[in-house]
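Position chains W and V relative to chain P; hints supplied.
These are the residues of each chain, in order.
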Amino acid sequence: MKPAGSIPEQYRRTVTYIAAGFLILSVTLYLALPIAALFLRITPDLFFSSLSDPQVTSALWLSLFTSVISLGVVILVGTPFAYVHTRCSYPGKVLVDTLIDLPLVLPPAVAGVALLVLYGRAGLVGRYFSMAGISIAFTTLAVIMAQIFVASPFYLRQAKSLFEQFDLAYEQTARTLGASPLRTFLAITLPLTAGGLVSGAVMTFGRALGEFGATIMFAGNLPGVTQTMPLAVYVGMESNLASGLTISILLVIISFGIMIAVRLLSSKEVQHA
Amino acid sequence: MIPMKQSLTKTSLILIGIVCVLLLATAFLAGCTSTAPQSQTPAATPAPVSATPAPTPQPLVTTAAPVSTPAVAATTGTPKPTFTPSQGNVVAYTAASLSGVSPKLASDFEKMYPGDQVVFNLDGTQALKTQVENGAYADVFISASNSYTNMLKGEGYFVNSTVHPLTSNYVIVILPASNPGNIQSLADLANPGVKIAMEDKSVPAGTATVAVLANLAKSTYNADWNSSVFKNVVTYETSEPAVATKVSLGEADAGFVYESTYTAAPKNTYLAITIPKKDNYLQTYTIGILKGSTSTGASADFENFMLSAFGEQDLKDYGFRPL
Amino acid sequence: MLEAVITKKLRDFTLDLSLKVNPGEIFVLMGTNGSGKSTTLNIIAGLLYPDSGCIRLNGTLFCKPAVRIDLPIEDRRIGYVFQNSAVFPHMTVYENIAFGLRVRKFSRQEIAERVEHLTGLMELQDHAQVKAGNLSGGQKQRVALARALAIEPLLLMLDEPFTSLDAESTCIVKNLTRSVVAEMQIPCIVVTHRVSDSRDIGDRACILSSGKKEWEGRPHDLPDELSSCKCELCSG
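Chains as they are written, first to last, in our numbering: chain P, 1 to 273; chain W, 1 to 323; chain V, 1 to 236.
Pulled out of the complex, with its shape left as it was, chain P reads as follows (with noise of 0.2 Å):
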């Protein structure tokens, strides 16, 4: 009988490899499939005059033009204030820390509630913009409220890292130069941050273009204004499946060229460091 632990190599290694194998297959599979599957559902002809569906027109055309302002927004504020919020102390610190993270956990449909509660007409704020003529739900302004706070945290949680991390050897090198702290930031810490900074950019803008429950509840549903097209799936899956098909098919698209971009973009990074 051979004692325990002499099993020959060659098995041992052709089951090692077996059940890798299987592993990577499960959870490849897990992830594709379902993806493999909405392709397969509508061919191609309906695919392609869904396109044309007025619906599918102005929910693609939405949901773009609000998320590319989401993110320049989150961009052009969340960038300096990751910045300050690092490299300054400051009285309630740890509580804006907190609350940065604070989206993340909140599930997307109480956000919209909380929005709404806020900035609805009848809203703690909202009332006041109501008595000077600007409405805020319902219009496509409440949509880029919505994503801005269900997606910023991912960029500005990337930036207070990267920032955070940053060796300040090179802005104090920068300073004792004779660069001012805002040239400093500009010609020093963004360019050698940029690489992270845009895959949270990415990732930001992924997050602000599949928002659903928030825009919801507080943006309404309105084709053309708010019916971004996230939305434009939920309803569409009922009434017009092959319009639903085709927007979760474009959506599929655009995730996979957000996803390709990160990953060059942070394999580009790499080189640098």
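Some hints could be false.
Said to hold, decoys possible - Under 7 Å between C-beta atoms, here's a sample of chain V residues computed to sit facing chain P: (1) Ala45; (2) Leu48; (3) Ile78; (4) Phe82; (5) Ala86; (6) Val103.
Said to hold, decoys possible - Quick list of the computed label-pair ranges, beta carbon to beta carbon: (7) P:Phe47 to V:Ser164: 57 to 63 Å; (8) W:Tyr137 to P:Arg12: 25 to 31 Å; (9) V:Gly137 to P:Gly257: 36 to 42 Å; (10) W:Val119 to P:Gly257: 39 to 45 Å; (11) V:Ser107 to P:Pro80: 27 to 33 Å; (12) P:Leu99 to V:Ser179: 55 to 61 Å; (13) P:Ala132 to V:Glu152: 56 to 62 Å.
If you're looking for bench data, these hints aren't it; they were derived computationally from the structure. Note that beta-carbon positions come from the ideal geometry of N, C-alpha and C, so glycine has one too.
Okay, now just chains W and V, sitting in the frame of chain P:
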């Protein structure tokens, strides 16, 4: 390099504590203060549903009196328990407009059939239909739309012999109690700047609303009124209760919902404008057992309960119209 | 001339010393890790703020906490070379050296002249267009020194400039430092832990221990082994 670390200083802790206390205090205060009671305009007619001919605008209904007939005493009371051999769990896919009455239905059902339990999945009928068509498990299906029921029957999901009409509902227009849009009649719905909430056309209540508006345009108002009303729609919600929520929050000036939603709501939540019966759309609810059900005994118990006097009474109490 | 009197409470001890460095003189600051050498340089540069004291360069008051005077870092015109060189990796050698000049809005021609001169001095002419991130440690240190010298600083400070250098680069840097400091007649502080380096370039030296000057004198008078120091020390 020079570290600039932030340690959890005493100041920060105190600040966090103060903020938490403030938030709790605000929540407390908000809960304590009630909305100021609105001055009610006197009701024009005692009977809530009047069919006034031609262009005179409908009077506002201001009471929250239930639509059902007043003779109610006899059938209320706890149902007598019936013990059946089929003790089980019932998964009931139910139209969202029954959200309010579902807890009462559940407890009365369990009193009538001790040992049985029911779990409701409440959503727009269209969403539930899609789920069932894609393999979701349900024992009983309560649909708010005949056409969806017929589709499911045709596709073979129902045990057709168990499909029965259950109850019905009319459409009504609700307004926030403060009436921010100053809507006095159905004609005012077409006023510029009015914000209307409606269900998406895929939701049964949405199709009903579209039909109602078409009827009203044909009989009383005109096509321009109809298109103006649609221009005023700010959101097409994916379920009927969502419309009610938008109105109750005061974010919409008006919303189209079922009468049951208005009746069952607490006093002073909404004002309402009734729609004449002749122009209205009577939504019929059906109940049926699905072929895929494995809890057939308990499902039959549940259907019995829903069709019994007790089920009917519960529905009536929450504003549904018995057939 | 640099005159500095510094007091600052640090985590483990209080930094308390006074320095005087004459123009054209190289002052070597020695001591173990954590004895306060880098902190001293950072305070003089303006990156840290002392609790009390006074820092004056060529008569100009840099910092005096008592009257809340604190000249901003970018106005002190100090050439400071960090321990890990901190060359900007995304810029070329040329751009690195030109950085301080560009900030001060020198003309393109002036910049070109100065950079060419310095790259020649540092024997880096062939690498002018190379991204600084791709250089060796020794080359990076030379770029950092050139970059600091480009702005014609009034004070030069080098923090452990020889640690990551190969023998050839060490030679170049040592010779250059001596000649530049002598030529420009500026005070210079060099932090190092090696007695041999101290003897090679220093005019005066002192040993810091727990923030206080334990010894001051000429490098030649330094003991071969600094017995009070614990690690990384090797004799000449």
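Quick check on a hinted range of 39 to 45 Å for Val119 (chain W) and Gly257 (chain P), using CB atoms only. Since Val119 (chain W) and Gly257 (chain P) have Cβ atoms about 42 Å apart, the given range 39 to 45 Å holds.
Taking the Cβ atom of Tyr137 (chain W) and the Cβ atom of Arg12 (chain P), is their distance within the range 25 to 31 Å? About 44 Å separates the Cβ atoms of Tyr137 (chain W) and Arg12 (chain P), which means 25 to 31 Å is violated.
Between Gly137 (chain V) and Gly257 (chain P), is the Cβ distance one that fits in 36 to 42 Å? holds (41 Å)
Go through the hint on Phe82 (chain V) and say holds or violated, using the shortest Cβ distance to chain P against 7 Å. holds (5 Å)
Verify the CB-CB distance for Leu99 (chain P) and Ser179 (chain V) against the hinted window 55 to 61 Å. holds (56 Å)
Could you tell me whether the CB distance from Ala132 (chain P) to Glu152 (chain V) stays inside 56 to 62 Å? Hint holds: Cβ distance 58 Å, inside 56 to 62 Å.
Quick check on the hint: Ala86 (chain V) CB to chain P CB, less than 7 Å? Holds, about 4 Å.
Have a go at the Val103 (chain V) hint: is there a Cβ in chain P nearer than 7 Å to its own Cβ? This hint holds: Val103 (chain V) lies near chain P, its Cβ roughly 4 Å from the closest one there, short of 7 Å.
Can we keep the Ile78 (chain V) interface hint, with Cβ of chain P closer than 7 Å? Constraint on Ile78 (chain V) satisfied, holds at 6 Å.
Would you say the C-beta atoms of Phe47 (chain P) and Ser164 (chain V) sit inside 57 to 63 Å of each other? About 60 Å separates the Cβ atoms of Phe47 (chain P) and Ser164 (chain V), which means 57 to 63 Å holds.
Should the interface hint for Ala45 (chain V) be scored as holding, given a Cβ-Cβ cut-off of 7 Å against chain P? holds (6 Å)
With a cut-off of 7 Å on the beta carbons, see whether Leu48 (chain V) makes it to chain P. violated (10 Å)
Violation of the numbered hints given earlier is confined to hints 2, 8; the remaining hints are satisfied by the structure.
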